[in-house]
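Enquirer: Residues per chain are reported as follows:
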Amino acid sequence: MVERVLIIGGGIAGIQAALDIANSGYEVVLVEKEPSIGGHMAQLSETFPTLDCSQCIMTPRTVEAGHHENIHLYAYSQVESVSPSPDTDGFMIKIRRRATYVDWDVCTGCGVCQEKCPFSVESVFERGVGTRKVIYTLSPQAVPNKPVIDADNCRFLQSKWDIESGRVPAVDKRGREAKPKCGACALFCPTNAIDWDQGDSVIEEHVGAIIVATGYDLMPLTELKEYGGGRVPDVIDGMAFERLLAASGPTAGKVLRPSDGLVPKEVVFVQCSGSRDPERGVSYCSKICCMYTAKQAILFKNRVPDGQAYVFYIDVRAGGKGYEEFLTRAQEQSGVVYVRGKVSKLFRDDGKVIVKGVDTLSNRTIEIAADLVVLATAIVARDDSAMVAGQLGLETDHYGFLNAANDELAPVESTVPGVFYAGTALGPADIPETVAQASGAAGKVLSLFHRARAAESEQVTTNETCGIGH
Amino acid sequence: MPLSYFPGCSLSTSAKTYDVSGRAVAAELGTPFEELPDWQCCGATFPLATDNVMALIAPARLLAKTQRVGGHTTTLCAICYHVLKRAQAFFERDPDALERINWFTEEPYDGKARISHYLELLRDEYGWDAVTDKVRRPLTGLRVAPYYGCLLLRPENEIGLDDADEPSVLHDCLAALGCEVVDFPYGSECCGSYLAVSQPDLPRQLSRDIIASARTSGADAIATACPLCQYNLDHAQKIVDSAGTSAGETLPILYFTQLMAVALGLGPEITGLAHDIVDPWLSHGSREGPVTASVSA
Chain A
1 MVERVLIIGG GIAGIQAALD IANSGYEVVL VEKEPSIGGH MAQLSETFPT
51 LDCSQCIMTP RTVEAGHHEN IHLYAYSQVE SVSPSPDTDG FMIKIRRRAT
101 YVDWDVCTGC GVCQEKCPFS VESVFERGVG TRKVIYTLSP QAVPNKPVID
151 ADNCRFLQSK WDIESGRVPA VDKRGREAKP KCGACALFCP TNAIDWDQGD
201 SVIEEHVGAI IVATGYDLMP LTELKEYGGG RVPDVIDGMA FERLLAASGP
251 TAGKVLRPSD GLVPKEVVFV QCSGSRDPER GVSYCSKICC MYTAKQAILF
301 KNRVPDGQAY VFYIDVRAGG KGYEEFLTRA QEQSGVVYVR GKVSKLFRDD
351 GKVIVKGVDT LSNRTIEIAA DLVVLATAIV ARDDSAMVAG QLGLETDHYG
401 FLNAANDELA PVESTVPGVF YAGTALGPAD IPETVAQASG AAGKVLSLFH
451 RARAAESEQV TTNETCGIGH
Chain B
471 MPLSYFPGCS LSTSAKTYDV SGRAVAAELG TPFEELPDWQ CCGATFPLAT
521 DNVMALIAPA RLLAKTQRVG GHTTTLCAIC YHVLKRAQAF FERDPDALER
571 INWFTEEPYD GKARISHYLE LLRDEYGWDA VTDKVRRPLT GLRVAPYYGC
621 LLLRPENEIG LDDADEPSVL HDCLAALGCE VVDFPYGSEC CGSYLAVSQP
671 DLPRQLSRDI IASARTSGAD AIATACPLCQ YNLDHAQKIV DSAGTSAGET
721 LPILYFTQLM AVALGLGPEI TGLAHDIVDP WLSHGSREGP VTASVSA
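Respectively, the protein sequence lines represent chains A and B.
Numbering-wise (my numbering), the first sequence opens with residue 1 and increments by one.
Numbering-wise (my numbering), the second sequence opens with residue 471 and increments by one.
Keep in mind that the hints are not guaranteed to be accurate.
[As the list claims (entries may be wrong)] Partial pick of chain B residues on the chain A-facing surface, computed with a CB cut under 10 Å:
{"id": "1", "residue": "N627"}
{"id": "2", "residue": "A634"}
{"id": "3", "residue": "E636"}
{"id": "4", "residue": "E659"}
FYI, nobody ran anything at the bench for these hints, they're computed from the structure.
In this text, a Cβ means the ideal position worked out from N, Cα and C, and glycines have one as well.
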């Protein structure tokens with residue numbers, strides 16, 4: 001048995017599983033698509049119900065995973081193919097390491113290139129409420145703390161490729177040789193780490209087990225047309241609000257609305273935006289929104305004490321240790337107004353967002369002129385999950401989430417021997433549940449390795465007995 | 471080639487301008503309407519009770535008649551369109567109910583009729599470019615807010631005319647005529663509909679919100695495809711309500727076919743612009759208002 005494990009996805013699930021296995025003395029190959037590990041948890045400001053700083057409780061783990069001698073971390077990489085190993089058991093994995101255009105062995109992570117890069121683009125990590133440079137790391141606490149160049153938006157690479165492909169003449173009208181533009185990062189890099197000629201590379205790994213921890217996505221605002229379809233600037237999703245609250249975020253933790261940078265006073269939170277909506281969204285409950293909405297409302301009130309937070313809800317699901325108490329705290333201590341009902345529509349009017357809803361307890365329609373609206377959008381399966389499921393022959397449900405071998409009794413096992421699951425690739429889950437699943441999957445892998453060892457040594461012992469006795 | 475056309479009751483009475491302008495526009499575009507023979511009321515509401523098959527007899531009869539004239543008929547009235555489309559969807563889901571109705575009416579309907587709103591035909595078959603080609607008096611500078619209401623669009627999975635939250639068909643129609651299309655957030659809000667009968671204050675308030683929103687968005691007029699929307703929005707501007715609030719500044723509420731008739735160069739007896747409570751000529755204080763300017767150009 002090859003006593004190595006591949007973990008696909010470097011969010012909190014992948015990190016937890018990797019550390020559990022690596023600390024037991026086995027090798028881990030950890031593959032992360034983004035430039036750094038941490039996943040969605042790295043985007044959060046605080047966690048419920050303890051209001052711990054997410055980055056603070058996570059950074060020790062990301063750092064440990066990044067430097068562990070048993071963990072081979074491939075960031076900015078994707079699993080390209082999986083095939084059964086030809087000679088022994090286990091899987092042969094091809095991993096595509098995307099070109100970063102930065103030699104990470106030489107780079108010291110000083111950050112000068114990011115300071116000097118003159119171009120900014122909208123940041124996916126900042127969820128549309130902040131920008132990043134074209135050469136970037138996801139956050140100041142990034143692991144690995146080495147930047148990548150976003151080739152699509154890089155002036156130098158684009159102009160270099162234009163010249164190389166002949167789209168731009170090699171010599172201009174005045175007879176001057178065409179040269180790539182910009183290149184500020186390379187100019188200022190103290191270690192000459194910028195490598196303009198870097199390309200993708202594919203490496204091969206041999207593993208005995210796989211843990212799939214590819215995580216989730218949020219339903220895009222464009223799918224919620226009755227809520228403005230992403231066209232109203234002051235209607236954002238919960239993750240964008242996390243970035244506004246986060247000390248490391250684009251506003252350094254100040255709650256400022258996207259349209260004009262003013263502090264919003266009236267904030268409306270809409271739970272079940274796309275969830276529990278078989279007609280227009282998804283039928284299932286996204287499970288974490290009740291709690292993170294309560295958390296966000298509390299944090300908003302901390303940041304803007306004279307502000308008012310409203311939460312529209314269908315019903316509140318607070319099943320977890322300390323969860324109901326947390327919710328009560330939002331209502332009683334922070335004065336968050338909970339309105340039982342759905343928002344039917346919202347639109348922009350004279351700098352405000354008009355929220356039209358119904359209060360089903362008083363049986364009246366409600367209209368709130370809000371400064372900012374935060375939609376608790378549905379958790380949905382990642383496209384990557386479908387790709388990984390295809391590569392490994394895994395089952396998915398019709399939403400695209402992975403199907404466990406048995407939901408009740410084998411919740412982290414797949415139907416493919418040696419392949420296990422952790423986290424939100426299975427469906428909506430909060431951080432404690434994700435971490436429990438990750439440790440569960442790690443335990444499954446360890447027991448698989450131990451069983452194989454026990455079987456081998458038993459075989460040896462039996463053979464020896466035979467040899468001596470006869 | 472003529473198009474089978476079902477006018478419905480409103481277009482034969484209170485919404486006569488819609489009917490007259492619609493027929494003239496269709497003729498002008500070379501596909502004249504041919505009235506569905508022996509038609510009757512569509513039933514006016516789609517029954518929401520789960521077992522109210524009786525209420526579907528009226529639409530079933532019309533669908534059967536449509537079947538006999540070649541299987542396709544056109545409507546202008548958003549309500550007739552709504553009822554017929556939903557009845558059709560219902561019969562598809564519940565063939566047993568259709569069988570019961572067929573047995574009762576003795577006018578068997580095979581479930582295969584096609585009902586189109588005229589906007590749908592203009593968009594999908596005639597084409598907006600072809601409409602623009604026929605325009606003789608482009609409505610340049612006229613700022614019109616397209617108002618869809620609810621019955622024309624919802625429920626989207628049964629009506630299917632357009633995206634219920636981001637509709638564009640009426641926008642595109644007005645743009646084809648040269649209008650400046652004024653998008654406003656109340657474009658697919660409900661006008662209050664039949665509550666005009668039982669709770670008149672409610673549609674009055676809803677209609678005034680719609681008009682106020684269109685006005686602050688800069689519209690000179692509102693275009694609609696529904697006789698009830700036209701009635702509610704127009705009347706909300708006439709009557710001072712029980713709280714003593716009047717409508718303030720007014721906006722003319724026009725059928726899209728009236729604007730088409732103006733753009734196609736048809737005469738005032740067709741465009742019917744002075745039939746409503748809010749006179750498009752007077753609403754701008756002088757006969758040189760934007761609608762007039764386009765008309766006399």
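Enquirer: Now tell me if each hint is right for this structure.
Expert: These are the hints, each one checked on the structure:
Evaluation of the N627(B) hint against chain A yields a held restraint, the C-beta minimum of about 8 Å falling below 10 Å. The closest approach between the C-beta of A634(B) and any C-beta of chain A is roughly 8 Å, which is under the 10 Å cut-off, so the hint is satisfied. At about 6 Å, the closest approach between the beta carbon of E636(B) and any beta carbon in chain A falls short of 10 Å, and the interface hint on this residue holds. Interface hint at E659(B): satisfied, since its Cβ lies 8 Å from the closest Cβ of chain A, which is below the 10 Å cut-off.
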